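If you read the sequences in order, they're chains A and B.
Quick note: the first sequence uses my numbering, first residue 1, plus one each step.
Quick note: the second sequence uses my numbering, first residue 1, plus one each step.
Source of the hints: derived by calculation from the structure; they are not laboratory data.
A few of these clues could be false.
To be verified - Rough simulated footprint, nothing fancy, chain A against chain B, three-plus residues with beta-carbon under 8 angstroms:
1. 77-91
2. 106-112
3. 120-134
Small disclaimer: the values here were computed from a predicted structure and weren't measured.
Glycine is no exception: its CB is placed at the ideal position from the N, C-alpha and C atoms.
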Amino acid sequence: MLTKSELQKTVVEMLSRAATTLPRDVIQALKLCKTKETNKIARLQLDTMLRNLELAKKLRAPICQDTGIPIFFVKLGSELELNFDLNRALADAVREATQKIPLRANVVDPLSRANTGTNVGQGQPIVHIELARGKGLQIDLIIKGAGAENWSRLFMLKPTAGEETIKRAVLLAIDEARGQPCPPTIVGVGIGGSAEVACLLSKKALLRPLDVKNPDKKLARMELELKNAANELDIGPMGLGGRTTVLGVRIAKAACHTASLPLVINFQCWVARRASARLVGDKMEVEAI
Amino acid sequence: MAKIIDMRPPLNDKKIEELKVGDIVSLSGTIVTARDKAYARALDLLRSGKKLPIDMRNGIVYHCGPLVKRTPRGQKIVSAGPTTSTRLDDMQIDFVRRTGVKALIGKSGVRGDVASELARLGCIYLAFTGGAGVLASRSIKRVKKTLWRDLGPIEGLWVLDVKKFGPLVVAIYVYGGNLYLRK
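So that you can see chain A by itself, here it is in the shape it has in the complex (with noise of 0.2 angstroms):
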């Protein structure tokens, strides 16, 4: 049986492999923008984000100084059996991953701003279970930083405004958004559902990464023009200009009300980190990305 132990040691290795390294699909994408800026200071500030992952990885040091919040998005079998509190194991992580990597204390009181010193407080870390057949585990992680998270928007658009209003809302976010995100960021997008659906089915669509296509062909296609209409806005890494704003467009959908058409849009920074594990026989295995 799973233990706490072995579930708390594999969250650590997740947050630690999270805040150093980025996925190589991020890399990828990073480097394939590179060879297409002309503009001097967009390739600077594209080689200036290469040359710190390389330092971050070889030094095993945070990539960003705002190793963020983290977000973790559990599927959980409902016949699998657990003698100990989940949740309780995650925040353990947390605390344990903040003292040894370490991370920066970024957890405040919303309202007084005293800071809890160790990443957890009332409802951190952020944990978002979802139910599966089976006996099963997976945790997906992301890390958000606060720069990025600070430029989302809901719009509650009218029932027929239709996937015209829908791409010039993204666009106008982007566009407002400017450097300020850390572009080229990646945009995700929540289409349906409700006000709070949306907003998680936007962040959830960030999980996807850059090399796997959308198996919806009608937002697989809304995602590619929207990343090349957000590339033709000129805003650049880091907003000082140049082709490239966004890495990717990342859109997930689920039904509404026929009264109302919820969309929200979430930013993830260049530093787009995530991490991912699964329940193999008794011991979780960190996927390699």
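Put chain B on the given structure of chain A with help from the hints.
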């Protein structure tokens, strides 16, 4: 690779006049970190006629909240990239006017009206690549002082001795030029 101009604080008008928008620079010498809470406290003190614990005249302020590791030999900065400068927009002009700071380092620039006022005050804006935390920490030679420790390691003032800190881009210049404005 573009030519990098190494600059040493304290800055003066002459040193700034030799630059132009889009130039790539690095810094060697003393810089001070400050962000949201430190800005608010500095303004409270200066507006009530009190002094800051460090003289920033002709100095350089870095918008940064570092990631610090406790080691047996004391605190070590392991990652220290820039934070979003626009969060400080509403305090920026008064802060620069009252402190006499000559250069700001950060990411994403400042609001248009703030940029114009900075130019009038003779303060340039140097853009550093967001997320480049490890690269930044490598050019910190020494932590000279930590001030306002009660604000915590993110929000307190770090007085840093840096060497070839950068590459930084002159993004907002005193004689016109703002790379954040769309052509």
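Could you tell me which of the numbered hints above are not met by this structure, giving the numbers in increasing order?
-> none
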